[in-house]
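*Asks:* Heads up: the sequence lines are chains A and B, in that order.
Okay, so the first sequence: first residue is 1 according to the numbering used here, each after it adds one.
Okay, so the second sequence: first residue is 1 according to the numbering used here, each after it adds one.
Quick caveat, the hints were computed from the structure, so don't treat them as lab data.
Mixed in with the good hints there might be a few duds.
With beta-carbon atoms standing in for the labels, derived distance ranges [claimed, not checked]: (1) B:H248 <-> A:F62: 23 to 29 Å; (2) A:A167 <-> B:R251: 24 to 30 Å; (3) B:G46 <-> A:T135: 53 to 59 Å.
Everything numeric in this text was worked out from a predicted model, so none of it was measured.
Glycine included, C-beta positions come from ideal geometry on N, C-alpha and C.
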Amino acid sequence: MTFTLIVVLCIALLLLLRVVLHRSTREEDGVPGDILNRSDYARRLPDRALLHQCLSPEDLEFIAARRSPGLTQLFLRERRRLALGWLRQIGREARGLYRQHLRSVRDAADLRLSAEAKLLLAVVLFSITYGAILTAVECYGPFRTRRFLLSLQGMANILIELGNRIAGSIAPAGLAGLDAAAGGR
Amino acid sequence: MELLSHLFWGSGSLLIVGLLWRMGRLTLVSRYPYFSAYIWGVICSGIVRFWLQPSTSRAYALGYWISEFGCALLAYGVTWEIYRHTLAPYQGLRRVARAVVGLLFALIAAKAAAELWTNPMGLRSTTVELERNVRVVQALLLVAIVGMVVHYSVPMGRNVCSMLVGYGLYVAVRAVLLALLSWQGVVFQPWVSMLLQSAWVLALVIWCVGMWSASPNPVAHPQVECAYESVSGYTVRAMGQLREHLTHSWRA
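Here chain A stands alone, though its shape is the one from the complex (with noise of 0.2 Å):
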């Protein structure tokens, strides 16, 4: 146990050691602390519509009434293409955030930990969450992801209201028992 992870732990050092040899000099050219310039920043993310578009259950109506096996393969083909692009594009903006950030802090005197792993907790949401979408769309295709995603959020909101429903006729009775309880007293 202890010499596997004193193995890991070599290893992980060396490829650090890797990428500090191998680091692009480009990434110093950045002019630091413009972030909060960045005022078009919700212009930069990829258009929604573009993938309502792509996703469009007419165009889909309008392959399978042809009636060709290829005609649809390449139809589906081209969809997830076009979804993964989308999605790649949302993955890039993460990174070059996020790279901006830790350029524009590096030379903040009051640079907090806990800010820095409040951050850093998010990044990891988003790329588990960016994660598993485009691993879907890689393996199932948009269509059949956009089924599941809809699916899981419609669960999600039945449990919410099952969940509601529940603390709506424990909360009265639980106020009364108190009420009770207190005027007992």
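Fit chain B to the given chain A structure using the hints.
*Replies:* Relative to the frame of chain A, chain B by itself:
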């Protein structure tokens, strides 16, 4: 095998003399005092071992381990030198690094206390295990520092970069080989000794190349001191927006 060992010893000696000569000429000895002290420590330990020959005597074994520990302790100065020069212009990063290193030491202390609690005879470890632990702590500290350097893209001069890469490589190889020796329950293996020598010569080559010319660390940009709170808050919000955009865009 013996010929190869002599070859490593000879080339190592030449490289170490070349390194010190070059550092002296460029006045790098005063700029990197802890690193120079480490190199001098290695030279002194070599002289002591030579003086205590033959290597089969008890005095040699004792001198070998004492000089080895002396060098291992001096090597902490190299870690300190890397930390000092790399993070010197970054006040905030230095504070975060101190917190991370403090956390690491607390974890190590907690692990040692837990092991001692479960096995009170654990203090009676061998010299190989003791040196392995010293090197593992060095590797941990280096991982923390290099992790920060990579994460925040902290620029480094050629001198400190070579110091970091050469020393990191040597520590990693040494820690793994010592762990292997301690795992096998032996103190010496000829091929392990050969690998250690080759790692040391490689580290010396890296240091010689890096120290051949004076290259101080690039200066930071204090004029672009940012409002950290607002930048951090902005990035967290933007990351949340990106995640929302990613998941909500699939709705019809």
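*Asks:* Checking each numbered hint in turn, tell me which of them this model violates, lowest number first.
*Replies:* none
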